[in-house]
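Sequence order for the protein chains is A, B and C.
1 is the number of the first residue of the first sequence in my numbering; add one for each residue after it.
1001 is the number of the first residue of the second sequence in my numbering; add one for each residue after it.
2001 is the number of the first residue of the third sequence in my numbering; add one for each residue after it.
Hints may contain errors.
[Unchecked claim] Between beta-carbon pairs, the in silico distance windows are:
(1) A:256 / B:1001: 18 to 24 Å
(2) A:115 / B:1105: 56 to 62 Å
(3) B:1119 / A:281: 32 to 38 Å
(4) C:2168 / A:53: 53 to 59 Å
(5) C:2134 / A:75: 19 to 25 Å
(6) B:1016 / A:115: 31 to 37 Å
[Unchecked claim] Pulled from the structure, derived: some chain A residues nowhere near chain B, Cβ distances all over 12 Å:
(7) 102
(8) 128
(9) 131
(10) 161
(11) 173
(12) 180
These are calculated hints, taken from the structure and not from any lab test.
Think of the CB as a built atom: it goes at the ideal place given N, C-alpha and C, for glycine as much as any other residue.
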Amino acid sequence: MIKLNVSKSLDSVEGKINLRLNLQIEKGQFVTIYGESGAGKTSTLRMLAGLLQPDDGEVYVDNEVWFNKQNNIDRAPQKRKVAYVFQDYALFPHLTVKGNLEFAQTTKDTAYLEELILKMELGELINRKPATLSGGQKQRVALARALAQKPEILLLDEPLAALDIKIRLKLQEYLRQIHQEYNLTTILISHDLGEIIKLSDRVFVLEKGQIIKSGSPTEVFVDQQISGKFKFTGEVTKIEKQEVVYIVTVLIDQNVVKVIAQETEINNLKIGDKVMVASKAFNPLIYKIDE
Amino acid sequence: MNRFSGKISKIEVNGSLSLVTVAASERITIKTIIIETPETAAYLKIGNTIQVLFKETEVVLGLNQKQAISLQNRINGTIIQIEKGALLSKVVIDTEIGSLVSVVSTEAIKELNLEENQEVIAMIKLNEIMLSE
Amino acid sequence: MDWAPIILTFKLALVTTVILLLLSIPLSYWLSISKSRFKPVIETLVSMPLVLPPTVLGFYFLLAFSPGNSFGVWLNEWLGLKLVFSFTGLVLASVIYSLPFMVHPIQSGLESLSTTLSEAAYVMGKTKSQTLFQVLLPNIKPSILTGIVLAFAHTVGEFGVVLMIGGNIPGQTKVASIAIYDEVEAMNYGAANFYSIVLLVITFSILLTVYLVNGGYLKRFWK
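Construct all of the structure, not just a fragment, from the sequences and the given hints.
Below you can see the structure in the form of structure tokens.
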């Protein structure tokens, strides 16, 4: 359990903001911090990692004090058992992929490294330098390197933002797997609603340094709770009228789906809007695909 | 999407399925089957006000009250408007609980001789109805 | 021909460069991360030799280290250091004189690295010095090489400081640049020419190496 109750005044591009956070994260949860740039998302992660000192407050993790202003406790980042995937990946340019992974290990564990290399499909890359890798490959290495530390808490600062949709989807799958498999508490910064809904148990919405909303992704992002179990979020790409109905084309991940709608439903809908498509679990047919 | 508000009057649970009866008015009840139970969904409480949602295309129209059909959700009303397309038509029905829209084939309209001011029964399958807070 | 001044020059440059390297790494590191109020003062002091006439520096060294004043006497009595007109004094003066040539490239190299590199290493449990030696320095090899070469070449070329504090003692403080001056004074143009050509060729080669390496031509061999 992470208890973060801190304040920090920050100089952002849009002027001074006062970051005032009070949040609790259960062990093993996948949590997303969502908000505009300059809202204090990265600073939140940095304060948790010990890379940024709060002005006041306290941080407890599993009842251990990591930071306490009053008692002057500030545990060094080296001793916090967190792994941090930076926005720019921060791979060490002078080391090979393998060298990067090995460097992250406090105690050598070759079998575990082999496992990570296999899992993240890095086998062909291990002797390459970061400069020769593509964005998606770098991201996989950064993720594997973070896991090589065997952290208890994994901090991800918009790790997938710069990648194209196909690689993003694949890496989202990796994230979900490793979160479950390694029993991590994962904190992700993300802008992508689909990603958030797919991955996280809980969302904190940050605005100008304050948490204005929190809850499960559907609680936070969908105004209504709906009982339909066949639910996806996507983006409207086309709206066309056919006879007495409208056909709305929605891009969900990489799939284009079409939904029949009435005028009342499309009234405030425009192309590019994020939507939730819901149906009852009773309706879809299911087919096995022969591979 | 057709949307009506009502109060939950009955919840029958079996495993992870619930058969929920919603009273939209004194005479009209709408039943739905959902994969939720009062334990998994907080809104499942007797007396709770809830929205019933179903698609226009899932509304079946009938003329005779005595028809032997498995559809239990039946709402009586009067047709107030028919908008015909080549293949599909939109039928607006005035009911005790408000306007209800059905989209059926234009051919069916012809076959049943449906016209404005006619009394009809709108029917919806149990599994086509969603609940929303 | 007397090779002693040439050999002495390179001995001085070598010793100076080694000391400078050891001194500049922590100093540059501190300058690259420090937010101290004293940082601008230190930076100014480091850069002074760039603009100050070498004779000014030499003059004050001479005054400070002279056995005629108490500091010079203290040095001599307590540390056994005789800095005026000695090789040790020459090394000390050269270290200060060439300091910016070593510090500046290393400092700007360190500053060009993303701070997330250090932070990533800290989160991995590495101490600051582990991070410096295992992450930062290996990634600024070209800057370090530039610093080494510039400091070396600059020491080879110094004259004013050496003249003031070192004098002209053969085998001790008579470096090539002094020897050239000496030979010209004595109208021995042939000898002056010899020293000059040797210095010219060597410094040219050294600088060329720097440009080649940092231009990327030698990068693959260096790495």
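So, going through the hints one by one against the coordinates:
A hinted range of 18 to 24 Å holds for the C-beta pair residue 256 of chain A and residue 1001 of chain B, which are about 21 Å apart. At about 58 Å, the CB distance of residue 115 of chain A to residue 1105 of chain B agrees with the hint of 56 to 62 Å. About 34 Å separates the C-beta atoms of residue 1119 of chain B and residue 281 of chain A, a value consistent with the hinted range of 32 to 38 Å. Range check, residue 2168 of chain C to residue 53 of chain A: about 57 Å between beta-carbon atoms, so the 53 to 59 Å window is met.
Between residue 2134 of chain C and residue 75 of chain A the beta carbons are some 22 Å apart, a value that agrees with the proposed interval 19 to 25 Å. Between residue 1016 of chain B and residue 115 of chain A the beta carbons are some 36 Å apart, a value that agrees with the proposed interval 31 to 37 Å. Once the 12 Å rule is applied to beta carbons, residue 102 of chain A is consistent with being away from chain B; the minimum gap is 46 Å. Look at residue 128 of chain A: its CB is around 48 Å from the nearest CB on chain B, clear of 12 Å, so calling it non-interface holds up.
Non-interface call for residue 131 of chain A relative to chain B: holds, since the shortest CB-CB distance, roughly 50 Å, exceeds 12 Å. With a least CB separation of 32 Å from chain B, residue 161 of chain A remains clear of the 12 Å interface cut-off, as annotated. Against the 12 Å criterion, residue 173 of chain A stays outside the reach of chain B, whose nearest CB is about 25 Å from its own CB. For residue 180 of chain A, the condition that its CB be more than 12 Å from all CB atoms of chain B holds, with the nearest at approximately 21 Å.
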